[in-house]
Amino acid sequence: MEGLRMDFLSSKALEDKSSIEKVSMIIERVKDGDILVLEGSLTPSEEAELIETTMREIDIENFVGIDIHTLEKDEKTLFGFSKKKTVGLTIIGPANVMKTVKKRSNFLSMIAKIGDSSASVH
Amino acid sequence: MNTFFRRLLDKLLRRKRKVKIGLYGHPNSGKTTLANTICEDWIGRPLGVISDIPHETRSVYKQEEVVIEKDGAKLYFDIIDTPGVATKVDYKNFLKYGLSEREAKERAKEATKGIIEAIKWLDDVTGVLLVMDSTEDPLTQANITIIGNLEARKIPFLIIANKIDLPESSADRISAVFPQHTVVPISALHKENIEELYMEMVKKFR
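First to last, the protein sequences are chains F and U. Those letters in the first sequence? Residues 972 to 1093, per this note's numbering, in order. Those letters in the second sequence? Residues 82 to 287, per this note's numbering, in order.
Bear in mind the hints are in silico, worked out from the structure with no lab data behind them. Here the structure is a predicted model, which is why all the values come from computation and not from measurement. Note that the Cβ used here is the ideal one computed from N, Cα and C, for glycine as well. Misleading hints may appear alongside valid ones.
Simulated crosslink set (DSSO-like; lysine-lysine; CA at most 30 Å straight-line) [unchecked claim]:
id	chain 1	residue 1	chain 2	residue 2
1	U	K177	F	K1084
2	F	K1002	U	K173
3	U	K186	F	K988
4	F	K1056	U	K201
5	F	K1070	U	K186
6	F	K993	U	K194
7	F	K1056	U	K151
8	F	K1084	U	K190
9	F	K993	U	K284
10	F	K1070	U	K177
11	U	K201	F	K993
12	F	K988	U	K284
13	U	K190	F	K1002
14	U	K235	F	K1084
15	U	K190	F	K1056
16	U	K235	F	K988
17	F	K1073	U	K173
18	U	K186	F	K983
19	U	K285	F	K993
20	U	K284	F	K1056
21	F	K1002	U	K285
22	F	K1074	U	K235
23	F	K1044	F	K1056
24	U	K99	F	K1084
25	F	K1070	U	K190
26	F	K1073	U	K284
27	F	K1002	U	K201
Negatives, chain U to chain F, calculated, CB over 12 Å [claimed, not checked]:
id	residue
28	G125
29	R126
30	I131
31	E137
32	K143
33	V147
34	Y172
35	N174
36	D218
37	S251
38	I275
39	F286
The shape of chain U in the complex, shown without the other chains:
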């Protein structure tokens, strides 16, 4: 049963739906940093390992039963940190981060499996935080494909313009490219504007 009809049935039966919020986006956009920030703030411990090497997260990580409380309203959800979505994976790109050829090839193989896993999870999530690196061009095929699928499946989502602490960041560029969607500028690393994000999450997903 697709997500739209499942949600409709839940409403008709007044069944309490379990919200599953997936973190999606390009490799190195800051998904795991954001997942860690949310988990540290609301359950007191981080979720995953972060690094500068792309495709550090190569399988899905899940934290169940997170509760955000803002202005008396509560949002109960599971958080699902997915591997970065890309249309290409070249092991040679990992060599410049000091990995050996064998390690780079292994990482590339795992990254391709991770991308498949991330796409499959689109069937299960009921909300998405689409994390974009605000120092990069947001108009990429991966972002377009993710947004197209979320719209087609009627899955609510917020666009997160991450890394606003960096001087070359431009959250306005993301808003200009996706004017019909809510864009929340944050720095997941420095917890900048993170309260605003929690407010928007409660409004959007509750």
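One chain only, chain F, in its complex shape:
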């Protein structure tokens, strides 16, 4: 398929899925060349499982792995004494498509490469 496909998934769409289902769904779509934008984040064990599954799926020529980036937001703690960071969005895509990512607090800029052209997402 020509062009870049991005799928946006709300946290609600993921909450009923088991970790294995989430990881399988992510890998399946990313291997097809899609970029996934998830509301929130995976748990640390799901992230480890995602990396492990990615390594099993790498086929040298066509799928070289994934890139994951998170957009964090600053939140005040209960009594407002200190700030903590929570993940607002997680972007996961094929490593050969996601080319440049600039990240600052509350800002994420990404350039995805499709064939000879490129698309920019902010």
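Please build the complex by placing chain U on the supplied structure of chain F, with the hints as guidance.
Quick look at chain U alone, frame taken from chain F:
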């Protein structure tokens, strides 16, 4: 049984726990150089082979019964040098280091297996030295995933800001990104600040 409950049971039974310290981090962050420095200092011989090509360590290497002695305190442990953790492995990156296409593809295949092995070892280690290249951006998914898993499993760890001998190094950048964790700046290659690391290891893992 998870690590937290195993450690609790050990304490209740006053059982002497065998400390297994894993070296984790990105490819080329200097894990094997550090493992070699520790092994040379305390058992008199290196552990593994180092090179400039990423993913030189593609399977786990282990040295049992290392003893660090600092100010009368001793730390007994096994050292586990793991392959670098990454989210992608592209054989084409190895070609620029002079490898043939066949060698590069073979290295890429072994590297993917090594990463799986490194992740699996998180179930077995009881302490971690998370080695970061202080000339690089520390805020990567591999570092975030490793730290998240260590925190969730309650495995004690030290962050090692390696390569401080290089002019572009910034250990402060690592401390700024992970302010809640102990960061020890070192040069594993030149054994710079290595005594400080041994002190911190004895404090953290004993």
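We went through each hint and held it up to the structure:
| no. | hint | in the structure |
| --- | --- | --- |
| 1 | U:K177 <-> F:K1084 | 22 Å, holds |
| 2 | F:K1002 <-> U:K173 | 19 Å, holds |
| 3 | U:K186 <-> F:K988 | 35 Å, violated |
| 4 | F:K1056 <-> U:K201 | 28 Å, holds |
| 5 | F:K1070 <-> U:K186 | 22 Å, holds |
| 6 | F:K993 <-> U:K194 | 22 Å, holds |
| 7 | F:K1056 <-> U:K151 | 37 Å, violated |
| 8 | F:K1084 <-> U:K190 | 25 Å, holds |
| 9 | F:K993 <-> U:K284 | 39 Å, violated |
| 10 | F:K1070 <-> U:K177 | 19 Å, holds |
| 11 | U:K201 <-> F:K993 | 20 Å, holds |
| 12 | F:K988 <-> U:K284 | 41 Å, violated |
| 13 | U:K190 <-> F:K1002 | 18 Å, holds |
| 14 | U:K235 <-> F:K1084 | 40 Å, violated |
| 15 | U:K190 <-> F:K1056 | 36 Å, violated |
| 16 | U:K235 <-> F:K988 | 26 Å, holds |
| 17 | F:K1073 <-> U:K173 | 24 Å, holds |
| 18 | U:K186 <-> F:K983 | 40 Å, violated |
| 19 | U:K285 <-> F:K993 | 36 Å, violated |
| 20 | U:K284 <-> F:K1056 | 29 Å, holds |
| 21 | F:K1002 <-> U:K285 | 41 Å, violated |
| 22 | F:K1074 <-> U:K235 | 29 Å, holds |
| 23 | F:K1044 <-> F:K1056 | 6 Å, holds |
| 24 | U:K99 <-> F:K1084 | 49 Å, violated |
| 25 | F:K1070 <-> U:K190 | 23 Å, holds |
| 26 | F:K1073 <-> U:K284 | 38 Å, violated |
| 27 | F:K1002 <-> U:K201 | 23 Å, holds |
| 28 | G125 | 35 Å, holds |
| 29 | R126 | 31 Å, holds |
| 30 | I131 | 23 Å, holds |
| 31 | E137 | 17 Å, holds |
| 32 | K143 | 21 Å, holds |
| 33 | V147 | 27 Å, holds |
| 34 | Y172 | 6 Å, violated |
| 35 | N174 | 9 Å, violated |
| 36 | D218 | 9 Å, violated |
| 37 | S251 | 17 Å, holds |
| 38 | I275 | 30 Å, holds |
| 39 | F286 | 21 Å, holds |
Hint compliance for this structure: hints 3, 7, 9, 12, 14, 15, 18, 19, 21, 24, 26, 34, 35 and 36 are broken, all remaining hints hold.
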